[in-house]
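Q: Now for the letters of each chain:
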Amino acid sequence: MGGLRPPIAPYGGTPPKSAAPPTLWLLLGRKLVSVSQAEAAGAGQDRLAVGSVSKTFGSARVLREIGLRIAPGELHGLVGQNGCGKSTLVKILTGIYTPDPGGTVTVDGRALALPVRPLEARAAGLSVVHQNLGLVDDRTVWENVRLGRFKAAGRLTRRIDGKAERAAVAAVFARLGANVDVNEKVSELSAEDRAAVAIARAMQDHEPGGGLIIFDESTRAMGKAARGRFFDLVKGVIDNGASVLMISHQLEEVVEVTDRVTVLRDGQVVETGIPTKEIDEAGLTRLMLGRHLVTHSRVDSHAQPETAVQVRNLVVRSVRGLDLDLKKGEIVGLTGLVGSGAVAVAEAIGGAREARAGTLTVNGKTLSLKPKRGSTEDFIKAGVAFVAERRLEQGLAGELSVTQNLTLPRVKTRGGRFRIGHSWQADETAAMIKKLDIKPPDPHKLVGTLSGGNQQKVLLGKWLAGQPDLLVLHEPTQAVDVGARHDIIEAIREAAADGCGVLISSVDAADLSVLCDRVLVFREGKVTAELTGDLTQDDIIHATFEQPSDQQGPERNLKGVAR
Amino acid sequence: MDTARNQPDVAVAAPQAEPPASATAGTTRKGRFAGRQLAPRFAILVVWAAMIGVYWGTEPVLFPHTGTFQTIFGSQQPLVFMTMALMCTIIVGEFVDLSVPAVFGFGATILPVLVVNHGWNVWPAAIVAVLGCVVVGAINGFLVVKVGVNTIVVTLGMSTLLMGISLWMSDLNTISGMPNGFQKIALFDIGGLPISFYYGVVLVLGFGYLLAFTPLGRHMRFVGASREVSRLSGVRVDRIRFGSFVFASLLSGIGAVIAVAAIGGYNATTSDTYLLPVFAAVFLSTAIFEPGRFNPLGTLIGIYFLETGILGLQLLGLQSWVSQVFYGGILVIAVTISTLLHRRAT
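So the sequences go chain by chain: A and B. Numbering of the first sequence is given in our numbering, commencing with residue 57 and proceeding in unit increments. Numbering of the second sequence is given in our numbering, commencing with residue 94 and proceeding in unit increments.
If you are wondering where the hints come from, they were derived from the structure by calculation, not from laboratory data. Since the model is a prediction, treat every value here as computed from it, not as a measurement. There's no promise every hint is true.
[What the hints assert, rightly or not] Straight-line distance between alpha carbons at most 20 Å, and here's what the computed EDC-like set of lysine to aspartate or glutamate pairs gives:
{"no.": "1", "chain 1": "A", "residue 1": "426", "chain 2": "B", "residue 2": "321"}
{"no.": "2", "chain 1": "A", "residue 1": "437", "chain 2": "B", "residue 2": "321"}
{"no.": "3", "chain 1": "A", "residue 1": "426", "chain 2": "B", "residue 2": "331"}
{"no.": "4", "chain 1": "A", "residue 1": "501", "chain 2": "B", "residue 2": "383"}
{"no.": "5", "chain 1": "A", "residue 1": "491", "chain 2": "A", "residue 2": "554"}
{"no.": "6", "chain 1": "A", "residue 1": "437", "chain 2": "B", "residue 2": "331"}
{"no.": "7", "chain 1": "B", "residue 1": "239", "chain 2": "A", "residue 2": "410"}
{"no.": "8", "chain 1": "A", "residue 1": "241", "chain 2": "A", "residue 2": "199"}
{"no.": "9", "chain 1": "A", "residue 1": "384", "chain 2": "A", "residue 2": "356"}
{"no.": "10", "chain 1": "A", "residue 1": "241", "chain 2": "A", "residue 2": "194"}
Could you put the whole structure together from the sequences, leaning on the hints where they help?
A: Here's what the structure looks like:
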């Protein structure tokens, strides 16, 4: 993966919020220290030791003899492709799944009974922060932290002693070094404070100098700025003596912040406890895939001279009066910080969001972007396809099959009024399964049972099968594994080669630099930079965070220190 | 990250040894899956057969009789129409249209009141009854879909309101005395069963076809699965939801007219006794044929399954409370089973 994604905000060029301290300095300083601590303690006792844990579902063995050791005070990374068994392992550690007989899970030298009993795990200091953080939005911070631990006070009233609970929560935040108002509603909090709440909940039962928190892709929904703060908090956890197991798809994040890393592939440990000083993202990718890698760089533009798409006077959110032309086969990226308008523009052009004004001309057909619509039918008829970001909420129905999902936009136009017809559906599905290498290649499989990467492929296939003239994509490779990302990038290129205009809204500078002929950078509703030619992700990141005078970002210096 | 600038992205080439094992694993899993799925799919038919066997054995005189057969299959037409009406809204994701029996009762009261009390000709009266139901459906649809009021609140309120109006119209009496010829549209005998049985079968098959094979049916399924996904895929979500409410009432209205023809009149107080059977049969369908999914054919089987059970128990001498125990029990058991099946499948 070549580390092409933007670095975590506070250390990438200039942070959007200068409030955050130069996190990496601290992290790296801590890292060097903690590794030595870990090594010193490693000879003694592991915080968590997983030995020969296997899991079989029916005839499918999804985990095979997993072995893993985490030292006290260590930040350990766990990586692997979608479907490699990471989630299953977490579910075993949290007691949701019962492992096959023969495995052991040991915390601080004490073996836990298997299946893991949640209360015993809690007593041992084992806790998990899930990807969506698991917070109840309309309750307060202290209620969220104490949820499941409330003590009934008073002999008869058995009420919750709000004062004591609040004090307990405030103490946890103090230990964590986070400044969060315990009476605030969680829905009112910023992303990093929400993360702090989740972490506080996870660490409140830790004994001083003990405990283990598993972060299961917790940074996935976080903006870049929030991530920087998040790792500050994780550092706070480590400083309290706890260990952390961090599961992530963001390989550069793993390489930068963790001490050691374990790689899973097809339910097996490929290698465990690799010091991240000794490996880079390409190396991790190689281990995850277990296949040879070739370089995957920019290819020539497929842009043709004719204009495919015209957007005129688009007014949406903070964007006022945007004009945008797209040539046939041209791939244009839209990027910017949260609230910059890049996402709103893509959604408006894709028909998913109602704009206040504007027109879209595709292939000579002009659509108004303004009126509220019951559906995107007009857009689809005009040849517009919109690949939404949240695939299971906006893109696909998990309870229906691959075929049904894939053909949905066309059942009316390709099918008869009284009969959808079978053969075209089968053909379309087979073609997309082949083109995108969807696994398993079963057209009747329910979409909800596929892995994330394959779901994303089905979603892309759903729209590519309609041979659109304008393809609008929102974060097309978010949270997919490396193999799926490759297939998706290839498919987007192929669509462009066929003359489709492509608009990609993304904060992933790696994707943009590899795919786009042109990148528009948004800031507060205006296009502040238009990058063309040979794009590098550094250019994109710099333009996104603006202030191009600051060429010597702290990041590079830090890297020098680290390596 | 100096190196990142020049370091191109990496990708996959030459899949080294893509294990062919995964392919075989896939097929065996599928084979096992099919076997595991087949049993629950038809389990209810086995239970049904076993039930008939037991009744046959314990009541060898009364049970194996054409009269029993005719009662089971000839009397359930109102339920068939009402379950299909409920199915319309359930498929598009509105789980609790509690007003179905009340709408049915509303139509079934208007018709005899107009004909018997007001001396209308039966056909215009039938049309008014059906239209009345459709108007109610449109109001439900408007409130739920356009205004966004909670479905339970709207339909519970509407249900009670309609029940009250029906009782007022009929003055709490059974209204009978429909003209004789009108009976023919429901009771015309074909092969020992009244024609209304065949209406039900045709309706169910038609609805099943609609769902399985037409673009509209596919759209309905998707609206039920996810409104946002449907909207972004060009499905006119609100139109389909509104249409479902209207069409549901239309089915209730037509069912009411046929029921009045079969019975020769109507007593408005009987409407609410249909509520539980309707829900029981529809939810029972999630345990038949397509586990975890509402389906019309399963509902039809469910209706006759339930009726067989109750009739048999009554023949054995148990009182009418048996139907409540049976319907209520089956509803809970069926939904539990289908939930478990669904969980296992996903």
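Q: Going through the earlier hints one by one, which of them does the structure break, listed in rising order?
A: none
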